[in-house]
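Undergrad: Chains as they are written, first to last, in our numbering: chain A, 1 to 131; chain B, 1001 to 1235.
Keep in mind that a hint or two might mislead.
Computed list of chain A residues with no C-beta within reach of chain B, every gap over 12 angstroms [said to hold, decoys possible]:
1) A10
2) V12
3) L26
4) D31
5) Y33
6) S39
7) L45
8) T61
9) V74
10) G104
11) K117
Covered stretches of chain B, as calculated for chain A (at least 3 residues, CB under 8 angstroms) [unchecked claim]:
12) 1050-1062
13) 1105-1116
Simulated from the structure, these hints should not be mistaken for laboratory data. Remember, it's a predicted structure, so these values are computed and weren't measured experimentally. Even glycine gets a Cβ: it sits at the ideal position worked out from N, Cα and C.
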Amino acid sequence: MNALAAIGEALVLIGTFFYFLSALGLIRMPDVYNRMQTSTKSATLGSLGVMVGVGIWALGTDFGSAAWLTKTVVIAVFLLLTNPISAHALIRAAYKSGIPLWEGSVVDKYREHIEAKAKAPEETPKEGGEE
Amino acid sequence: MLKRALAIISLLLIGYWIAQGLAGVPFGQDRMLVAQYYLDHVKEQTGAVNAVTAIVVNYRGFDTLGEVTVLFIASTGVGALLWRRKKQRTAKTEGSIVLTTGTRLLVPFVMLFGAYIFIHGHLTPGGGFPGGATIATAFLLLYMAFTTYEIPHKAFEKTEGAVGMAYVLVGLIGLAIGGYFLYDWIWQDWGFGVDNIGRLLSGGFIPIIYTIIGLKVGTELSGIIDNMLKEEVSK
């Protein structure tokens, strides 16, 4: 019983640590893309740790039941599936609206790809919102 | 500058005034008069475990009917304000494939969760309004991810009207059976689910009303989204 509670506490601790790293990355990183990178990844991982940890922690206490773990695992799976999609949409929107990369960036393959695509068929009008 | 300073000063004065008024309110003490009655009698009188939904649907059902009417008027008002002869979605940027695939996968689960919320209104936090808003979120997701998606208008408008009438009809049946509007006939007269409190098949007519409200709110908010995302096109 107590081993479960200990595992849950450890998981919650790890999760909150990753939350902290996520907030730190939000302050520390130089541009939008780097900030999204750090904050999304570590916030997702931190949430997973906290949620699954709470479920396991509740199993170890005397009021806990499997319902806690079930609910937290369902929420964790939902977050695991939705968080990357939202991060993708945000970053893509940021790029499309012309937010520059950090000045230390060396390569921008996506811009090359867009320019190559706009150049190849001469007739098609160049448009910002195209794939 | 002067304007802003005046605004800040007046806001501070109002805030101080409200704080003075609230300072006399005891916090954390047992000062419930009507609420104590609700807490003591909610189970035997309504069959619901969730006291909030029991109050909202049973004890004060008229308020909920009024809220539903407000939403309906809002939906109609948006429709009337944004009325054009020929409207189409003119979105240009197609969503990326990650977004569309993710939406395709997620929408059924979001709708399922919305239905879960409004069906379990008498057991868990939530009820018809959050459930309906969740379902409308699924439609908003479809609108955002696909540039050509449109809700089936005819079916939505008919559903909206039909469930609105169903709510009034449930109230009128209560009027016929029990003598007053929105009388909970399923619980008070039939005693349906009396030995089943805390399970799904209990709660009198709360699950029925909340299913109605959930469908209504879901279709209404989706209709508002649809109206606001469309633009006039010239032929």
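Undergrad: List in ascending order the numbers of the hints, as given earlier, that are violated by the structure.
TA: When the structure is compared with the hints, numbers 9, 12 turn out to be violated.
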